[in-house]
Amino acid sequence: MSAFLLLLFGMLLIFIEFFLPGAVMGTIGTLLVLASIYLFASETDSGLALVAYIGAVIIALIYLVKIAIWRMQKTSPQHTICSNASQDGYVASSFDESAVGKKGVVLSDLKPGGYILVDGRKEQAISVSGYIAQNLEVEVIGGQEESLLVKLIEKKS
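Its first residue numbered 1, the sequence shown is counted upward by one per residue in my numbering.
Hints listed in this document are in silico derivations from the structure and should not be mistaken for laboratory results.
None of the values given here were measured: they were computed from a predicted structure.
Possibly wrong hints are sitting among the right ones.
As the list claims (entries may be wrong) - FRET-style restraints, in silico, Cβ to Cβ:
| no. | residue 1 | residue 2 | range |
| --- | --- | --- | --- |
| 1 | 38 | 69 | 24 to 30 angstroms |
| 2 | 16 | 133 | 19 to 25 angstroms |
| 3 | 73 | 108 | 45 to 51 angstroms |
| 4 | 2 | 58 | 16 to 22 angstroms |
| 5 | 73 | 153 | 34 to 40 angstroms |
| 6 | 144 | 69 | 31 to 37 angstroms |
| 7 | 153 | 27 | 23 to 29 angstroms |
Heads up, the beta-carbon is just placed ideally off N, CA and C, and yes, glycines get one too.
Using the sequences and the hints given, assemble the complete structure.
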């Protein structure tokens, strides 16, 4: 009887781990499930009963995970740890779109990241054409997060 109580309490802690992540509940729950298997093995003399118990535990854990995932999907975004919804007062960083197509000068070597000067403003940049040395001229071709994407302007001789 105590093996079943350990199993139920362990599975409850594993279920809670899905909603309060941190590995503590899941680790303790897993140890309790393993302890219940050990306790059941010490209480029974039948190998077949032990195999059936272990099989039932595995099936129960599979259903537990399915139910937890289903429950997480049904939870509204306001009540989850991770939310894709926008939040008041938060502004995501982004690159200056007005700089696309403009030319600039490399302030620090782009290896591939560094700084460039565009329209008198120091901007963070990433080179799409590999290493670019300081003081060379580049063209802004786009952006990625808060950085401008630049390519080297080849000098025609």
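Consistency of the hints with the structure:
1. 38 <-> 69: 24 to 30 angstroms: holds (28 angstroms)
2. 16 <-> 133: 19 to 25 angstroms: violated (56 angstroms)
3. 73 <-> 108: 45 to 51 angstroms: Since residue 73 and residue 108 have Cβ atoms about 46 angstroms apart, the given range 45 to 51 angstroms holds.
4. 2 <-> 58: 16 to 22 angstroms: holds (20 angstroms)
5. 73 <-> 153: 34 to 40 angstroms: At roughly 50 angstroms between Cβ atoms, residue 153 and residue 73 fall outside 34 to 40 angstroms, so the hint is violated.
6. 144 <-> 69: 31 to 37 angstroms: holds (33 angstroms)
7. 153 <-> 27: 23 to 29 angstroms: violated (56 angstroms)
Consistency with the previously given hints fails for numbers 2, 5, 7, ordered from lowest to highest.
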